[in-house]
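Read top to bottom, the protein sequences are chains A and B.
Heads up: the first sequence at position 307 corresponds to 307 in our numbering, and the numbers run straight through without jumps.
Heads up: take any position in the second sequence, counting from 1, add 350, and you land on our numbering.
Treat each hint with caution, since some may be false.
What the hints assert, rightly or not - If we take Cβ atoms under 10 Å as the criterion, some of the chain A residues that face chain B in the derived model are: (1) L28; (2) Y32; (3) E80; (4) A82; (5) L121; (6) K132; (7) K134; (8) G142; (9) G145; (10) L160; (11) Q162; (12) I240.
Stated by the list, open to error - Derived pair list, reagent style DSSO-like, types lysine-lysine, alpha-carbon separation capped at 30 Å: (13) K541/B / K290/A; (14) K426/B / K701/B; (15) K576/B / K30/A; (16) K477/B / K134/A.
What the hints assert, rightly or not - Residues of chain A clear of chain B, computed beta-carbon distances all greater than 10 Å: (17) F35; (18) R158; (19) F164; (20) V180.
Treat the hints as calculated values from the structure; they're not laboratory data.
Ideal Cβ placement from N, Cα and C applies to all residues, glycine included.
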Amino acid sequence: MSDSARRSRWFWLALALLAAAALLLPFLVKNYRVFQFNLVLVYAVAILGLNILTGYNGQISLGHGAFYAIGAYTAAILMERAGLPYWATWPLAGVVCFIFGFLMGFPALRLGGHYLAVATLALALAVPQLLKHKAIEAYTGGVQGIVLTKPEPPFTFRFLGQPFNADRWLYFVTLTVAVVMFALAWNLLRGRVGRALIAIRDHPIAAAAMGINLPVFKSTAFGVSAAFTGVAGALGASVIAFVSPDSFTVTLSIFLLVGMVVGGLATIPGALFGALFIQFVPNIADELSKSAPAAIYGVLLIALMYLMPTGVMGFVRTLWLRHGPGAARRPSAGVATTGVPAPPALTKET
Amino acid sequence: MSSKHWHQTLAGLAAAVICVGAAAQKKYDSGADDKEIKIGAIHPYSGPASAYGAIGKAIGAYFDKVNAEGGINGRKVKYIALDDGYNPAKTVEMARKLVEEDEALLVFNPLGTPPNTAIHKYMNQKKVPQLFVATGATKWGDPKNFPWTMGWQPNYQSEAKVFAAHILETKPNAKIAVLYQNDDYGKDYLKGFEDGLGDKAKTMIVSKITYEVTDPTVDSQIVTLKSSGADTFFNITTPKFAAQAIKKAAEVGWKPTHYLNSVSASVGSVMTPAGPENGIGIYTASYIKDPTDPQFQKGKDWDDYVAWFNKYNSSGNINDVNATYGYTVAQGLVQVLKQAGDNLTRENIMKQAASLDITLPRLLPGVNVKTGPDDFYPIEREQLARFDGKTWVLFGKVYGR
């Protein structure tokens with residue numbers, strides 16, 4: 001059996017196991033845990049969006065919480081003020097955020113590296129305050145935010161002794177959207193567009209010389225990234241059933257960045273691990289200490305980054321190359337994990 | 351049958367009746383049993399409002415004292431304290447954890463208006479008490495629409511009514527200028543103030559100006575208010591803007607009778623930066639005994655407070671009024687649980703919380719905790735205080751219902 005066939009068999013097996021686990025999960029745990037896993041899916045989509053921009057395209061954003069907020073508010077306003085059904089608001093939130101992200105991409109063309117990071121930080125700081133502005137208060141509800149109604153399941157049944165209720169219904173809805181978003185990202189990033197984005201990240205001048213239109217690619221990457229995070233925000237609004245400016249402070253942006261780095265830069269499945277981290281680790285820190293939960297969180301984060309400097313996916317890849325099938329025939333396998341990580345498929349093609 | 355037998359039979363019957371009666375009286379919802387009462391609480395231990403985490407810690411420390419002394423009606427309090435970082439999205443998650451996973455009997459003293467708004471509907475759908483919330487918004491006292499939610503401290507509207515009453519008493523012909531933050535908090539205060547003045551509000555208030563929380567200063571607003579010719583000033587601002595307003599008024603030589611909302615009645619973060627000499631004579635309102643005020647550092651209630659602090663809350667700061675707040679609100683809950691007796695259902699908790707008429711040691715003399723089926727505002731009385739250049743000096747009678 002050839003190496004690639006073996007690899008693809010492993011891949012499908014892992015995917016099938018993951019799918020089975022994702023489908024069974026909500027019936028194995030309590031309602032409240034279902035709600036938490038729901039948030040994990042939402043954060044995973046948001047982190048995936050950020051990863052398209054920062055991981056693949058090398059544009060650092062400290063302001064993706066702003067796009068998350070815009071997505072959440074777009075969904076909330078459309079649901080509560082315009083009476084749209086919840087599912088119809090997600091694509092619209094994506095479109096609105098794409099426009100905002102695309103526009104943000106223009107100043108980003110002139111700002112590189114750390115300067116861009118600071119500009120996006122300004123966005124994250126400004127959006128919660130702008131949401132309170134009196135000119136739009138009639139729509140946003142000002143500082144009080146908007147209370148939403150949770151979508152009810154269209155049908156109910158019992159499985160493994162657990163009722164199919166609003167939380168479980170929403171879980172499957174979110175799961176479907178997340179799968180679609182991950183498939184979109186996978187299609188986008190493993191082909192020509194993905195290679196162009198990585199080329200821009202690694203060497204913009206060489207990329208331009210190869211005929212890649214830098215301004216178009218960079219601003220579109222910003223727009224697509226914002227759209228992903230905006231869809232996540234819209235999903236999050238339904239899950240939490242409440243939006244307010246205080247839910248989307250600059251901390252959210254930082255957490256998304258942390259999630260991306262923990263999961264692994266420029267990896268698609270890494271978003272899921274990053275989401276698990278930002279959802280559950282603060283709660284663990286809170287249980288360990290009431291006096292300084294943030295300090296405990298920081299220590300856990302440092303420990304993790306020390307153990308897995310290239311994120312969870314980088315770690316997994318190292319293990320795979322060292323101990324997986326065909327490891328013996330790749331003596332120099334460890335080399336691939338130094339520097340900024342990229343999926344093996346990509347390193348091979350570029 | 352001999353009379354002796356009769357007596358024994360009767361005694362046995364009586365005992366059986368009493369036992370049955372006692373067993374019938376013991377009623378529990380999830381979160382309570384013969385040994386334990388689970389109380390969930392949500393406070394910001396991290397994030398921008400983490401200073402208020404001291405409230406949550408003080409509540410836990412007070413329950414430690416209660417448990418060490420034998421608990422409430424023989425049951426220990428199990429206190430589950432969670433951190434929401436003042437983020438409403440996180441508050442939802444934490445409230446759901448308390449209700450669905452930990453199965454607490456009630457959610458106690460969640461802090462902040464946005465976090466409480468986020469769980470308002472959920473708690474009432476689940477019919478779990480959201481008891482004694484730590485915010486002054488007026489909407490928490492709405493038993494018709496939200497029978498499972500109850501406030502605690504004086505709400506913004508009742509405080510504004512105290513100021514209005516004082517103005518009507520001392521200066522019935524005042525020309526009043528109002529500066530308020532353009533959000534629900536500012537509007538809540540203004541509404542209470544106008545209600546308090548009643549029919550005279552239209553003629554007495556000569557100028558109303560807003561500022562945005564995003565504004566850098568309120569200097570231009572102060573200049574405009576001065577030019578309105580007002581001789582009385584109601585200052586509805588948060589600490590940073592309160593300090594600016596006091597300072598600017600002194601700079602432009604405007605010396606109205608100045609009422610400052612209790613939100614900003616902090617010597618350290620408002621009066622000192624504004625220049626203490628500029629703040630002499632400003633009025634504010636208060637309901638709790640400030641631990642830094644020498645006049646409240648004596649008597650049995652102070653000794654009890656210090657003893658509790660040193661034994662159970664020694665990691666805190668004794669000068670922090672937030673610890674006094676936590677101590678006091680925990681005493682309020684203990685009273686509710688005592689009243690509930692062996693009927694620890696959520697319905698009975700709300701019923702008992704809505705039939706309080708008590709005083710607590712670290713509330714100001716004359717300030718009480720009083721509720722009723724239609725009155726979900728526990729503390730409504732406040733006393734006025736005047737700034738003497740160093741500290742707030744209480745004076746006059748206690749206002750409010």
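Each hint, compared with the structure:
Checking L28/A against chain B by beta carbon gives a least distance of about 14 Å; that is not within 10 Å, so the hint is violated. Evaluation of the Y32/A hint against chain B yields a held restraint, the C-beta minimum of about 4 Å falling below 10 Å. At its closest, the beta carbon of E80/A sits 13 Å from a beta carbon of chain B; the interface hint therefore is violated under the 10 Å criterion. Using the Cβ-Cβ criterion of 10 Å, the hint placing A82/A at the interface with chain B is not satisfied: the shortest such distance is roughly 20 Å.
Violation of the interface hint for L121/A is found here, the shortest Cβ-Cβ separation to chain B being roughly 16 Å, above the 10 Å cut-off. The interface hint given for K132/A is met, as the beta carbon of that residue sits about 7 Å from the closest beta carbon of chain B, less than 10 Å. Given hint, K134/A at the interface with chain B, holds; its Cβ is 6 Å from that chain's nearest Cβ, closer than 10 Å. Of the supplied interface hints, the one on G142/A holds, with its beta-carbon coming within about 6 Å of a beta-carbon of chain B, less than 10 Å.
Interface restraint check for G145/A: the shortest CB-CB distance to chain B comes to about 6 Å, inside 10 Å, so the restraint holds. At a threshold of 10 Å, the smallest CB-CB gap from L160/A to chain B is about 17 Å, leaving the interface hint violated. A cut of 10 Å between beta carbons decides the hint on Q162/A: the least distance to chain B is about 13 Å, and the hint is violated. Proximity of I240/A to chain B holds as hinted, the smallest CB-CB distance being about 5 Å (cut-off 10 Å).
For the proposed pair K541/B and K290/A, the alpha carbon gap of about 38 Å is over 30 Å, so the pair is violated. For the hint linking K426/B to K701/B, the alpha-carbon distance of about 21 Å falls within 30 Å, and the restraint holds. Of the supplied pair hints, the one linking K576/B and K30/A is violated, its CA atoms being roughly 60 Å apart against a limit of 30 Å. Pair hint K477/B plus K134/A does not hold up; C-alpha atoms about 34 Å apart against a cutoff of 30 Å.
Its beta-carbon lying about 6 Å from the closest one in chain B, F35/A breaks the requirement of being farther than 10 Å from that chain. A cut-off of 10 Å between C-beta atoms confirms that R158/A is not in contact with chain B; the least separation is 18 Å. The non-interface label for F164/A is consistent with chain B: the shortest C-beta to C-beta separation is roughly 16 Å, beyond 10 Å. The claim that V180/A lies off the interface holds: its Cβ sits roughly 23 Å from the closest Cβ of chain B, which is beyond the 10 Å cut-off.
In summary, the structure is inconsistent with hints 1, 3, 4, 5, 10, 11, 13, 15, 16, 17 from the numbered list given earlier, while agreeing with the others.
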